[in-house]
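A.B. asks: Protein chains in written order, with this note's numbering: chain P, 1 to 381; chain E, 1 to 381.
To be clear, the hints were calculated from the coordinates, so they are not data collected in a lab. Even glycine gets a Cβ: it sits at the ideal position worked out from N, Cα and C. Careful, some of the hints might be misleading.
Among the chain P residues that face chain E by a calculated CB cut under 10 Å, a handful are [stated by the list, open to error]:
1. Y2
2. F4
3. T10
4. R11
5. I13
6. R16
7. G17
8. M146
9. V172
10. G209
11. T210
12. S219
13. K222
14. T223
15. E239
16. A242
There are 2 protein chains.
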Amino acid sequence: MYDFEFHNPTRIIFGRGKEESIGPLLKDAGLAKVLLVYGSQSVKKSGLLDRVKDNLGRRGVSYVEFGGVVSNPVLSHTRKGVELAKAEKVDAVLAVGGGSVLDEAKAIAVGALAEGDIWQFFTGKEIRAALPIYTILTLAATGSEMNGNSVVTNEETRQKYNIASPLVYPKVSILNPQLTCTVPADYSTYGAVDAIAHVIEAYFTKKPGTRLQDRLVESIIKTVIASHNVILKEPDNYEARAEFMWTATLALNGLTPTGVGDCSFPNHMIEHSLSALYNIAHGAGLAIVMPAWMRWYSRQHPAQFERFADRIFGVQGAEAGIAALEKWFQEIGAPIRLQDAGIGADDIEMIADNAAGLAKLWGIDAVYSKGVIADVLRLAT
Amino acid sequence: MYDFEFHNPTRIIFGRGKEESIGPLLKDAGLAKVLLVYGSQSVKKSGLLDRVKDNLGRRGVSYVEFGGVVSNPVLSHTRKGVELAKAEKVDAVLAVGGGSVLDEAKAIAVGALAEGDIWQFFTGKEIRAALPIYTILTLAATGSEMNGNSVVTNEETRQKYNIASPLVYPKVSILNPQLTCTVPADYSTYGAVDAIAHVIEAYFTKKPGTRLQDRLVESIIKTVIASHNVILKEPDNYEARAEFMWTATLALNGLTPTGVGDCSFPNHMIEHSLSALYNIAHGAGLAIVMPAWMRWYSRQHPAQFERFADRIFGVQGAEAGIAALEKWFQEIGAPIRLQDAGIGADDIEMIADNAAGLAKLWGIDAVYSKGVIADVLRLAT
Chain P
1 MYDFEFHNPT
11 RIIFGRGKEE
21 SIGPLLKDAG
31 LAKVLLVYGS
41 QSVKKSGLLD
51 RVKDNLGRRG
61 VSYVEFGGVV
71 SNPVLSHTRK
81 GVELAKAEKV
91 DAVLAVGGGS
101 VLDEAKAIAV
111 GALAEGDIWQ
121 FFTGKEIRAA
131 LPIYTILTLA
141 ATGSEMNGNS
151 VVTNEETRQK
161 YNIASPLVYP
171 KVSILNPQLT
181 CTVPADYSTY
191 GAVDAIAHVI
201 EAYFTKKPGT
211 RLQDRLVESI
221 IKTVIASHNV
231 ILKEPDNYEA
241 RAEFMWTATL
251 ALNGLTPTGV
261 GDCSFPNHMI
271 EHSLSALYNI
281 AHGAGLAIVM
291 PAWMRWYSRQ
301 HPAQFERFAD
311 RIFGVQGAEA
321 GIAALEKWFQ
331 EIGAPIRLQD
341 AGIGADDIEM
351 IADNAAGLAK
361 LWGIDAVYSK
371 GVIADVLRLA
381 T
Chain E
1 MYDFEFHNPT
11 RIIFGRGKEE
21 SIGPLLKDAG
31 LAKVLLVYGS
41 QSVKKSGLLD
51 RVKDNLGRRG
61 VSYVEFGGVV
71 SNPVLSHTRK
81 GVELAKAEKV
91 DAVLAVGGGS
101 VLDEAKAIAV
111 GALAEGDIWQ
121 FFTGKEIRAA
131 LPIYTILTLA
141 ATGSEMNGNS
151 VVTNEETRQK
161 YNIASPLVYP
171 KVSILNPQLT
181 CTVPADYSTY
191 GAVDAIAHVI
201 EAYFTKKPGT
211 RLQDRLVESI
221 IKTVIASHNV
231 ILKEPDNYEA
241 RAEFMWTATL
251 ALNGLTPTGV
261 GDCSFPNHMI
271 EHSLSALYNI
281 AHGAGLAIVM
291 PAWMRWYSRQ
301 HPAQFERFAD
311 RIFGVQGAEA
321 GIAALEKWFQ
331 EIGAPIRLQD
341 AGIGADDIEM
351 IADNAAGLAK
361 LWGIDAVYSK
371 GVIADVLRLA
381 T
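For reference, chain P alone in the conformation it holds in the complex:
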C-alpha cells in the first residue's frame, strides 16, 4: 500500500423525507441567509423547491434564489451566481439538484469569497476559502455530495475543467432516495455508467496489489449493476434507488483509491471533451469512451482486466470482461460508439486536440498524447 491521507468531513443524512431537516440544520449552524442554487423545471414541478423554501422560511433562514443551472454547468452562469452571492452577502450555499447543480454551487461558494474571476481556480490557482456548502441531492451519479470536486465548462474556450479542494466538501448532504424515483430511465442509466467510471479508473490504472481496495471497487460495481437493473424495471423501487444512491456516493468519496498510489482518470479526461464539445450527458460520453479505453489499455496491462472479467461477470479473459460491460451498457440504453451520439469519425482529431489540453493540465500528457487519445477514440467508432 502507498502512503495516503483520508479525510472526508461531509455529514450524510440519508432516508425518506430527510430534506425536511434542512431548515433546522442551517439555523443550528447559525446561517441566516443562503444562496439557493437549482436547475430548471424538475425541482419546481416536483414541488421540492417549494417545500425547501417553505422549510427555510419557517426557521427564519432567508434565501436568494439562483436557478437555471444546466447539465454540464457552464462558466457564464457560474459567474452570475458568484456575483449574486457577493451582492447579497449570503452566509452559505444550498444546492438542490443533481451533480451539475452541486458542482456549480461549489464553484460559486469559492468565487463568493475570492477576488477576480472564478475560472482561475479551474486552471490551477489555489483555493483559500469557500462559503459553507449544503446539498439536497435529487440525482444519484456524480458523488459530488461527498467529495471536494467540482466540474464546470467554459463555453468560450470549450474547456470542461475541475477544481479539487478540501474546502468544497459539503458540510451536510441530504440524500433522500425518494427524490430520485422520478429520474427518467436515460439519466438513471447515465448515473450508473458514471458511478462505475468513478471506481474503475483507479482500479485499472493503479499498480497491482491492494486487495482490499480491489474488493471494495468490485462490491460497488456489482451493486450498481444489480440495483440499476431493478431501477429500469421498477423506477419507484425505493430499495433499489436507495442502494444505488449510497453506492454512487461511495464510488467517489475518496475511499476506494486510499493507498493505491498514483492513478489517473483518462476516461473522464477524454469524456470531458465530448461533453464540452457536444454537450452530451457525461454518463453517455463515458459509456462511449470506457469500452474503447479499456480495449486500448488492457493490451498493455491485461492482469487487472482478467480479474475484472472474472469477479464482475464470471467470464474469462480481458476482452470477455470488456465485452460484457459493453453489452450491459447497451442493454441499459447507453450509447457505446461515437456515432450512437451523432459524433462522426471525422471529429476525432478535433476531440483529441481538446482532450490533450486537459491531459497536460492533469499531468498525464506523457502517456496521453493527442495521437494516443485519437487511437482510443478510433476504438469507439
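Mind docking chain E on chain P? Use the hints.
C.D. replies: Structure of chain E alone, referenced to chain P:
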C-alpha cells in the same frame, strides 16, 4: 435500506514514518500543551515515545506524560489521567499506543472538561464536551483510531462498559504500519479476531437485504484473513501489515453498518464480561464467544450464515462456515473454548450474570436474558 446518518470527521495520515508529522500538526492546530498518554514498555523500548517527545519539543509543543495504561484499560487509572489533565490544563490529548491507550485517552478527554466522575458517562450521562484527541496507533485491531467509541473497565464493579459520542472521534490519527511490525503473533491474532468481530455483529444481526453492506463486510473479512495469514509467516511484511491496519480501521469506522437498521453486538457484550472478569485479551475472548454465538444464532437465522459460508470460505451450509471460521481461529493460535483460556464451566452462571447487566444497559436484554447468555456460553465448552 434504513435511514441513517454518517459522519466521520477523523483525518487519517497513513504510511511510513508519518508519526513525524505530529509536532507540526499540533502546532498548526494552535495546541500548546498536550497530555501524552501511553502504555508501559513497548513504546519506550521501541524508541517511539522518545521520538514523539523529541518531535513535540522541536515544535515547541509541551507535554505532560501519562503512562501505564493497561490492556483492558481500567477506571482507576483513567481517573488519575483526568485529574492530571485538569491540574495541568492541557489543550489536547495525544494517545500513542494500541486500542486500549486510545480508549483511555478518549475517556480522559471527556473527563477533563466535565464535572464529577468520568464513570457517569459510561452508565448513560450525555457527553457535552471533550478535549481534541490525536492518536499515533501501534496496534491494529480496535478501530478506535477512527470512531467515537471508548471502552473502559470499572475494576470495583467488574463492569466493562463503553461511551459513544461524536465528540471523541480523533481529530487526526496517524497510522504507520511499520510501528505494528513488532506486535507479537498472539496479539496480531487477537487483532484479526477483533476486526472480524466488528463487522460480523451487524452482518448477522441486521435484517436481510443491503447487498452493498454485505459485500463490504465480506471484502473486509477476506482481507483480514489473507493479510493475517501473511503476517504470521512474515511479521515484517509491510504490505500485509498495511493492508491489515487499514482494513481493521474500516471494520469499525461506521461505514459497514450504514443503512442496515437495527443491529446488535451480542458477541462484544458477552466478551466484555470475559475480559472484565478474567482480564483476558479482548480478541481472545471474542474467538471463544463468536463460534458459540454463531451456532446459537444461526439456528434461528440460517440464511445469512449460509451466505457467509459460501462467500468467505467457499463451503456450503451454516455450520460448515462456522466450523471453517473456528478452524481458522485455531490455526492462527486463538483460543476457541472457555477452557482454552482457563475458564471452567462452573463459572458460566457468574459470567452470564455479569453480561446480563450490559445486555440491559444496551437494551438487548429482551433477547439476551441471563439464561440465553448461559446457553451461548455452554456452546463454548
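A.B. asks: Under 10 Å is the threshold here; is the Cβ of T10(P) close enough to any Cβ of chain E for the hint to stand?
C.D. replies: Hint holds; T10(P) Cβ to chain E Cβ min 8 Å, cut 10 Å.
A.B. asks: Classify the hint on M146(P) as holds or violated, based on whether any CB of chain E lies nearer than 10 Å to its CB.
C.D. replies: Status holds, d = 9 Å.
A.B. asks: Have a go at the G17(P) hint: is there a Cβ in chain E nearer than 10 Å to its own Cβ?
C.D. replies: Holds: closest Cβ of chain E sits about 9 Å from G17(P), inside 10 Å.
A.B. asks: Hint check: is the beta carbon of E239(P) less than 10 Å from a beta carbon of chain E?
C.D. replies: holds (7 Å)
A.B. asks: At a threshold of 10 Å, is the proposed contact between G209(P) and chain E supported by beta-carbon distances?
C.D. replies: OK, holds: G209(P) within 10 Å of chain E, min 7 Å.
A.B. asks: Can the hint on Y2(P) be confirmed by a CB-to-CB distance to chain E that is less than 10 Å?
C.D. replies: OK, holds: Y2(P) within 10 Å of chain E, min 7 Å.
A.B. asks: Can the hint on I13(P) be confirmed by a CB-to-CB distance to chain E that is less than 10 Å?
C.D. replies: Holds, about 5 Å.
A.B. asks: Are T210(P) and chain E close enough, Cβ to Cβ, to be under 10 Å, as the hint says?
C.D. replies: T210(P) check passes; min Cβ-Cβ to chain E is 7 Å, inside 10 Å.
A.B. asks: Hint T223(P) vs chain E: min CB-CB distance below 10 Å?
C.D. replies: With Cβ-Cβ at 4 Å, under 10 Å, it holds.
A.B. asks: Mind checking the CB of R16(P) against every CB in chain E and telling me if the closest is under 10 Å?
C.D. replies: holds (6 Å)
A.B. asks: Given A242(P) was flagged as interface, is its beta-carbon under 10 Å from a beta-carbon of chain E?
C.D. replies: holds (4 Å)
A.B. asks: Please verify that hint: S219(P), Cβ, nearest Cβ of chain E, below 10 Å or not.
C.D. replies: holds (4 Å)
Of the numbered hints stated above, none is contradicted by the structure.
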